[in-house]
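Using the hints provided, position chain B with the ligands relative to the given structure of chain A.
Protein chains in written order, with full-length UniProt numbering: chain A, 1 to 296; chain B, 1 to 228.
Hints listed in this document are in silico derivations from the structure and should not be mistaken for laboratory results. All values derive from a computational prediction rather than experimental measurement. Don't take every hint at face value.
Pairwise CB distance ranges, derived in the manner of DEER restraints [stated by the list, open to error]:
(1) A:Gly21 to B:Gln111: 24 to 32 Å
(2) A:Phe22 to B:Ala28: 47 to 55 Å
(3) A:Arg25 to B:Gly189: 35 to 43 Å
Sample of chain B residues lacking proximity to chain A, with all beta carbon distances greater than 10 Å (derived) [claimed, not checked]:
(4) Gly12
(5) Leu19
(6) Leu27
(7) Ala53
(8) Thr57
(9) Asp66
(10) Ala77
(11) Val85
(12) Asp94
(13) Ala133
(14) Ser157
(15) Asn169
(16) Ala224
Yeah, the Cβ is synthetic: ideal placement off N, Cα and C, and Gly gets one too.
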Amino acid sequence: MNALSALRPDPGADRVVPPSGFTARLVVFTAAAMAFLAVFTLALALAAGRLAEEWDSALARSATLRISAPEEQMPEQTRTALTLLQQTPGVESARALRDEEQRALLEPWFGPDLPVADLPVPRLIEIEETRDGFDPDGLRLRLQAEVPGAVLDTHDRWRRPLIEAAGRLRLLGWVAIALIGAVTAAMVTLAARAALAANAQVIAVLRLVGATDAYIAGAFVRRFTLRTLTGAAVGTGLGALAVALLPSGGEAGGFLTDLRFAGWHWVLPVLFPPLAALVAWAATRSAARRVLSGLS
Amino acid sequence: MIELENVAYGYGAKGDAPLLRDLSLTLAPGSFHFLTGPSGAGKTTFLKLCYGALKPTQGQLRLFGDDVAAMPRDGIALVRRRIGVVHQDCKFLDHLPVIDNIALPLTVSGQVMEDQQGNLDDLLTWVGLGARAHAFPPELSGGERQRAALARALILSPEVILADEPTGNVDWEMSQRLLHLLIALNGMGKTVMIATHDLMLIRAAKAQVQARVLRLSGGVLQAAGADL
Ligand SMILES: Nc1ncnc2c1ncn2[C@@H]1O[C@H](COP(=O)(O)OP(=O)(O)OP(=O)(O)O)[C@@H](O)[C@H]1O
Ligand SMILES: [Mg+2]
Numbered sequence: 001m002n003a004l005s006a007l008r009p010d011p012g013a014d015r016v017v018p019p020s021g022f023t024a025r026l027v028v029f030t031a032a033a034m035a036f037l038a039v040f041t042l043a044l045a046l047a048a049g050r051l052a053e054e055w056d057s058a059l060a061r062s063a064t065l066r067i068s069a070p071e072e073q074m075p076e077q078t079r080t081a082l083t084l085l086q087q088t089p090g091v092e093s094a095r096a097l098r099d100e101e102q103r104a105l106l107e108p109w110f111g112p113d114l115p116v117a118d119l120p121v122p123r124l125i126e127i128e129e130t131r132d133g134f135d136p137d138g139l140r141l142r143l144q145a146e147v148p149g150a151v152l153d154t155h156d157r158w159r160r161p162l163i164e165a166a167g168r169l170r171l172l173g174w175v176a177i178a179l180i181g182a183v184t185a186a187m188v189t190l191a192a193r194a195a196l197a198a199n200a201q202v203i204a205v206l207r208l209v210g211a212t213d214a215y216i217a218g219a220f221v222r223r224f225t226l227r228t229l230t231g232a233a234v235g236t237g238l239g240a241l242a243v244a245l246l247p248s249g250g251e252a253g254g255f256l257t258d259l260r261f262a263g264w265h266w267v268l269p270v271l272f273p274p275l276a277a278l279v280a281w282a283a284t285r286s287a288a289r290r291v292l293s294g295l296s
Numbered sequence: 001m002i003e004l005e006n007v008a009y010g011y012g013a014k015g016d017a018p019l020l021r022d023l024s025l026t027l028a029p030g031s032f033h034f035l036t037g038p039s040g041a042g043k044t045t046f047l048k049l050c051y052g053a054l055k056p057t058q059g060q061l062r063l064f065g066d067d068v069a070a071m072p073r074d075g076i077a078l079v080r081r082r083i084g085v086v087h088q089d090c091k092f093l094d095h096l097p098v099i100d101n102i103a104l105p106l107t108v109s110g111q112v113m114e115d116q117q118g119n120l121d122d123l124l125t126w127v128g129l130g131a132r133a134h135a136f137p138p139e140l141s142g143g144e145r146q147r148a149a150l151a152r153a154l155i156l157s158p159e160v161i162l163a164d165e166p167t168g169n170v171d172w173e174m175s176q177r178l179l180h181l182l183i184a185l186n187g188m189g190k191t192v193m194i195a196t197h198d199l200m201l202i203r204a205a206k207a208q209v210q211a212r213v214l215r216l217s218g219g220v221l222q223a224a225g226a227d228l
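Okay, chain A solo, but in the shape it has when bound:
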């Protein structure tokens, strides 16, 4: 019996197992609660992911090295710094700005006639980072030892730990969703085993009149799959509604007001009820097979 046929009604098989009001309501309720939690966790994971990506793409993958040194040491220190940078992992390229480039940078401040060559302006080295970036503290230490006049400016590097945290939050969200799925499976397994144990007499009678294990298992599997599907659909609906009704923060919105589903992300919560039903189907089927092969 496959997962889809578990949904096809079979009035005969549905009636041979006595109705079990309490377990039924418990399964529906738990499935609904789990789906509700999963929807929120999903919204959280997606928001964390969006934040990490936004910050990450905003992060300039560049840094500047400033060398201030007496004029006669300048070429030497610049050369040493460039060599050192080329050997640093995480540095894509390093290039000393030419005089006219430096002049263009300073022009807004000092006017067009600035004699860069005569002034003790620092030499600027432009660093392009690789995707992973370099380790600024390590680089600073090495520069200190070999290029005393160098100052490393790493722009908005302070955001990096935040991006990492946001990424970690997203990962934790997905782990939590996986756990919710596992808990659903465990809960359905327990409920199914309880139902099978409570109906040992019914199973004995069914066997006496020639029911196969597949038929008996099917009656239980269908019931639990449908209950889980119903519960998960209700829970997902309520969760999605709650997320949709969260106030949006507009421009000033931070992480909290970004808790929503955008565009195709709406597809994800819609997948929860069928996924929950699939989990319930597999869990009940394996529980039923185990119990039925134990009952002689």
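Structure of chain B with the ligands alone, referenced to chain A:
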């Protein structure tokens, strides 16, 4: 067709003396057997072997030609549809009315109850449960339960009918009616085996049908004395 060859069966550990031993018997199509013997001799156990609920601990048992020892559980389920069994303790699904219980073999074998409605009604009327069709099993008397169990055993028109004390709880008149039904079914070519203490029933039957009477005692099967 049920064939036993030197079959033994014991409920206890392997080393214990078996409850039943050296059973060799063929229930040929169309035959009529009585199985008698003192209480606790193993009549019910013998019938359980015959419908695959128990597997021999020794010897070979073939149901419709297939060795029970090698039969998977689904195979036994299919065999059960060819053997109608009236159990001594007549278990039903208490949450379903009598009519659905009688139709249960149809339900579990995937047949549509509506197609068999005529059969079902005839059968209910015949066993005298027409008026009780929508009662629930716990509301039935002992005799009514037995008649319902017989109707359930017959609904699939099985080739073999095994009845364990089918007249244990009914009055003489009803037991004669049940016997007549079983004899009529045997007349249609069905194999019948009845386990009973009721010697009067056996005598009444022998006046009407060619029946073999077997006696279980001390764990072995013997032909019954000439008084039967
Ligand atoms: N499941 C079981 N486990 C262990 N012993 C059993 C089991 N079922 C029956 N027995 C024992 O096997 C013996 C034979 O039982 P069985 O029910 O076959 O007897 P019977 O001939 O049908 O008796 P009765 O005429 O009272 O119905 C009895 O001593 C009984 O206690
Ligand atoms: Mg008995």
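Comparing the hints with the structure gives:
no.	hint	result
1	A:Gly21 to B:Gln111: 24 to 32 Å	holds, 30 Å
2	A:Phe22 to B:Ala28: 47 to 55 Å	holds, 52 Å
3	A:Arg25 to B:Gly189: 35 to 43 Å	violated, 52 Å
4	Gly12	holds, 16 Å
5	Leu19	holds, 17 Å
6	Leu27	holds, 19 Å
7	Ala53	violated, 8 Å
8	Thr57	holds, 14 Å
9	Asp66	holds, 15 Å
10	Ala77	violated, 4 Å
11	Val85	violated, 7 Å
12	Asp94	violated, 8 Å
13	Ala133	holds, 16 Å
14	Ser157	holds, 13 Å
15	Asn169	holds, 19 Å
16	Ala224	holds, 28 Å
In terms of the numbered hints stated before, the structure departs from hints 3, 7, 10, 11, 12, listed from lowest to highest.
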